[in-house]
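Novice: Whenever a hint applies, use it, and build me the whole structure from the sequences.
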Amino acid sequence: MNIQELTYWVTLALMPKMWTRRKNEIYVKCFSHTPKISIIELFENQSCWSELGMTDTETKIFKSAYSQLANNSFLVENMLSQGYEIFPIHSDDYPKILKDHLGMGSPTVIFTKGNKELFLEPSIAIVGSRNADEISLNFTKKVAKKASSDNKVVVSGFAKGVDRQALDSTLEAGGKSVIVLPQGIMTFASGFKQYYKYIAQGRVIVMSPFAPKAPWSVEFAMARNPIIYGMASEIYVAQSDNKGGTWSGVIDGLKKKRTIYVRCPGENEKNANLQLIDKGAIAVDINGCQIENLMDEKKQKQQEEKENLDERIISILSKEEEITSKNIILKLKIDWSDAEMKKHLETMPQVQKNKKSSRVFYCLKDKRTNDLFSY
Numbered sequence: 003m004n005i006q007e008l009t010y011w012v013t014l015a016l017m018p019k020m021w022t023r024r025k026n027e028i029y030v031k032c033f034s035h036t037p038k039i040s041i042i043e044l045f046e047n048q049s050c051w052s053e054l055g056m057t058d059t060e061t062k063i064f065k066s067a068y069s070q071l072a073n074n075s076f077l078v079e080n081m082l083s084q085g086y087e088i089f090p091i092h093s094d095d096y097p098k099i100l101k102d103h104l105g106m107g108s109p110t111v112i113f114t115k116g117n118k119e120l121f122l123e124p125s126i127a128i129v130g131s132r133n134a135d136e137i138s139l140n141f142t143k144k145v146a147k148k149a150s151s152d153n154k155v156v157v158s159g160f161a162k163g164v165d166r167q168a169l170d171s172t173l174e175a176g177g178k179s180v181i182v183l184p185q186g187i188m189t190f191a192s193g194f195k196q197y198y199k200y201i202a203q204g205r206v207i208v209m210s211p212f213a214p215k216a217p218w219s220v221e222f223a224m225a226r227n228p229i230i231y232g233m234a235s236e237i238y239v240a241q242s243d244n245k246g247g248t249w250s251g252v253i254d255g256l257k258k259k260r261t262i263y264v265r266c267p268g269e270n271e272k273n274a275n276l277q278l279i280d281k282g283a284i285a286v287d288i289n290g291c292q293i294e295n296l297m298d299e300k301k302q303k304q305q306e307e308k309e310n311l312d313e314r315i316i317s318i319l320s321k322e323e324e325i326t327s328k329n330i331i332l333k334l335k336i337d338w339s340d341a342e343m344k345k346h347l348e349t350m351p352q353v354q355k356n357k358k359s360s361r362v363f364y365c366l367k368d369k370r371t372n373d374l375f376s377y
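In our numbering, the protein residues as written are 3 to 377.
Bear in mind the hints are in silico, worked out from the structure with no lab data behind them. None of the values given here were measured: they were computed from a predicted structure. Heads up, a few of these hints could be off.
[As the list claims (entries may be wrong)] Dumping the calculated DSS-like pairs for lysine-lysine here, alpha-carbon to alpha-carbon at most 27 angstroms:
1) LYS321 to LYS367
2) LYS38 to LYS62
3) LYS118 to LYS101
4) LYS281 to LYS101
5) LYS281 to LYS308
6) LYS357 to LYS333
7) LYS272 to LYS303
8) LYS303 to LYS335
9) LYS118 to LYS98
10) LYS272 to LYS308
11) LYS328 to LYS303
12) LYS357 to LYS335
13) LYS215 to LYS19
14) LYS303 to LYS344
15) LYS19 to LYS118
16) LYS259 to LYS281
17) LYS215 to LYS195
18) LYS143 to LYS162
19) LYS148 to LYS199
20) LYS65 to LYS38
21) LYS344 to LYS355
22) LYS308 to LYS321
23) LYS328 to LYS358
24) LYS101 to LYS257
25) LYS38 to LYS98
26) LYS328 to LYS98
Specialist: Structure below.
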């Protein structure tokens, strides 16, 4: 693709105040139009805008963007001279896996530097918290090394914590990686210096969908997350909170029927991994191997805990003629609300509820019966 065409594509991609999905929809209409409308004609032939169903607001955006063509031409020429590559969404070099997963939400253009052949290879993403625990980082190392030995490319978002651990462990193991930036690719100078050897070896490609000179931002970091998931054939979760990028990415992936593997946490860990497993993610152990009977084991453990709690409640009731639910909680020393305890007591067939004025008391059914015959 020549510099002129790339200039128009970059101009389309960088237009403000228009969603990426809408830009792609307009291009699809150009492609399916008879005769086909080229990317150059889209900007130069304003008479086609009404045929494409563009609104007045959209035509104003295109007219404003047209004034940026000269600047974008210099930008494209400068990038190509420095070894960057630019892939519009219709390009044969654009990652097919990204379009398969994101569809019309795929970036209109991606800017890259490195071995584009890595886009064609099987890939996995290892995602998780920026402030991950040691066990999560250890999991990340193991999965990254296993992926490298299986000749799979590891996708990294280049954030601290799990992302960076996945990248570094992959390269240490002789593997390959795709780095998805939360910033413009031309602002990654220090990163290119740090990973130059691996880029030269064909083991790393850096990509970004953002304006080439745009600095890092929280907005870009959040927008990058779907691209990380979209670039991966498999997704492994080392550690997730119950909100944030990892959580929302997994929830979105599960809604789209993606297969997502989540590390099964230990008993004392404080994270949302089990919640994700409950929502349909597949549980894996510290080595990334699937745990076949986790849900059965979890249900069994929950049943055992319930039986143990019931036994303790019965023991308390056997020593009391009547007692309130609040006092049962105090004796059990558990962090339950009064409503939770009342709901639980109603599930116990051995327990009887007695209302006295506005208060509710509980006792054992058999104990009350025996008391009646003791008089």
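Novice: Just pull the numbers of the violated hints for me, sorted ascending.
Specialist: 15, 26
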